[in-house]
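Asker: These are the residues of each chain, in order.
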Amino acid sequence: MHAEKQKHDFEPKIVAFVCTWCTYAGADLAGTSRMQYPSNVRVLKFPCTGRIDPVFILRAFQRGADGVLVSGCHPGDCHYMAGNLHARRRFAAFRGLLDFVGVDLNRLQFSWVSAAEGGKWVDVVTELTERIRAMGPMEEFKALETEECWSGALATPELQEAYKAI
Amino acid sequence: MNNTAQKLETATPLDTSCYAAVTDAIRKEASRILTDGTVTAVVGYKAGRRAGTTMPAIVTDPAKATELIFSPACVNNLALYLTKAKKDVVKKGRVAIVAKGCDMRALAGLMGESQLKREEIFIIGVVCAGVKGSGAVNGEPLTTGNLARKCRECTVHTPEGADLTAGTLPSLPELTPVEAEEMARLDAMTPAERWAFWKEQFSRCVRCMACRQVCPFCYCEQCLCDKNRPQAVESTPRPAGNMAWHIVRAMHLAGRCAGCAECERVCPMDIPLNLLNRKMALEMKELYGFEAGLTPVEKGPLAEYKDNDDQSFIK
Chain A
1 MHAEKQKHDF EPKIVAFVCT WCTYAGADLA GTSRMQYPSN VRVLKFPCTG RIDPVFILRA
61 FQRGADGVLV SGCHPGDCHY MAGNLHARRR FAAFRGLLDF VGVDLNRLQF SWVSAAEGGK
121 WVDVVTELTE RIRAMGPMEE FKALETEECW SGALATPELQ EAYKAI
Chain B
1 MNNTAQKLET ATPLDTSCYA AVTDAIRKEA SRILTDGTVT AVVGYKAGRR AGTTMPAIVT
61 DPAKATELIF SPACVNNLAL YLTKAKKDVV KKGRVAIVAK GCDMRALAGL MGESQLKREE
121 IFIIGVVCAG VKGSGAVNGE PLTTGNLARK CRECTVHTPE GADLTAGTLP SLPELTPVEA
181 EEMARLDAMT PAERWAFWKE QFSRCVRCMA CRQVCPFCYC EQCLCDKNRP QAVESTPRPA
241 GNMAWHIVRA MHLAGRCAGC AECERVCPMD IPLNLLNRKM ALEMKELYGF EAGLTPVEKG
301 PLAEYKDNDD QSFIK
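Chains A and B supply the protein sequences, listed in that same order.
Okay, so the first sequence: first residue is 1 according to this note's numbering, each after it adds one.
Okay, so the second sequence: first residue is 1 according to this note's numbering, each after it adds one.
Watch out, some of these pointers could steer you wrong.
As the list claims (entries may be wrong) - In silico EDC-like links for lysine to aspartate or glutamate, alpha-carbon gap of 16 Å or less:
#: 1; chain 1: A; residue 1: K142; chain 2: B; residue 2: E234
#: 2; chain 1: A; residue 1: K13; chain 2: A; residue 2: E140
#: 3; chain 1: B; residue 1: K199; chain 2: A; residue 2: D104
#: 4; chain 1: B; residue 1: K315; chain 2: A; residue 2: D123
#: 5; chain 1: B; residue 1: K199; chain 2: A; residue 2: E130
#: 6; chain 1: B; residue 1: K315; chain 2: A; residue 2: E127
#: 7; chain 1: B; residue 1: K199; chain 2: A; residue 2: D123
#: 8; chain 1: A; residue 1: K13; chain 2: A; residue 2: E147
#: 9; chain 1: B; residue 1: K199; chain 2: A; residue 2: D77
#: 10; chain 1: B; residue 1: K306; chain 2: A; residue 2: D77
Everything labelled a hint here was simulated from the structure, so no lab data went into it.
Treat the numbers as computed from the prediction; the structure is a model and nothing was measured.
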């Protein structure tokens, strides 16, 4: 019953930071219900969206993520009473900051997905994957990683030439 | 665009007559409160070794109160010396502090975060017509050209809520808000242009951490950015780590920063760090109606929440 697998030129890497109580269970439900969603998403489980530090998002981008998804319980459903409400404020501020330093906010998606919303999880992941596929790879942070970094410059044509000569 | 290079064409001298009166008032008050035992120390400014400069001073002897001064070169935010990070610098007991309006905002912020108790400090508020920017030459008089960028848009020339407010404010000219204009210029850019701008700025960063050391709100005993197991932010001065450090710094100060712009002043590479702080302050104002002020608030905007907070960005 597998849908025809389409071949794409670019498969984006998407990191999903999810809360264990809602979105992780929602993704699990999508899986056990045999719903199909892109395998581009790498799910990382956290106790709560309140545990997800903006640093994690930066780190994901630096380490080669093309998109980041942060997902947790709907307001009022937090297992820890208000973790997602604190996170909501923090990420609203963080979005403003990222926009100010020039990061395209289309690469960063926030969502509320409850444990019963396997379908919504599929929608969110599919839409984000398609959007980022259309946008192409995230080059900005990767360029920073390799810049002024001796190991990053090891693949220059001159060096390749030299390696071949050995 | 940066502080040092910024020399405005028409530099007119500013009225600095109030500084002498402020100096007298500080000395008199410092001598009085040290003599009668109200405080054990006064944190203020004294003349620096080179003419026209000042440096922070901690005075414990009433006879030495005459060393204290206030001048346009008193750039430091002394609130830093009252934080837990500097707990060995000032000895125990009630301490007096000389504070400009911007420094008093930092004091209010620290009180809100339970780092200070109002009854443990004695605030000598000073009326301030502005201090010099980082590019100013020692000894030259204060003009509209060498005034610090933050002072061009100051709203707290006369601080309120101090135990004593020294001096009276002279009439000040209307100045162009250089920093607000820079913010508007950045906001009008496309994200790619902004990224290029900040990439260029942060590429100069040498990670001396002066911006952290001088910040009254960076009082954590261990900074996240110093940890290496696991390492959250690369600690070497390379582009990736620099970008991450400045984003993290701005994020950790969001809703806390008092806008004293000390980070920008001490930056040896002239990175316009206060633009980031201002951006976060604007966000906090727009989203949660919060503005750093002179009255301590128990919970900052990122330490609390409301049920109806904006969530238009969340699907």
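Asker: Out of the numbered hints, which ones does the structure contradict?
Answerer: The structure breaks hints 5, 7, 8 and 9; every other hint is satisfied.
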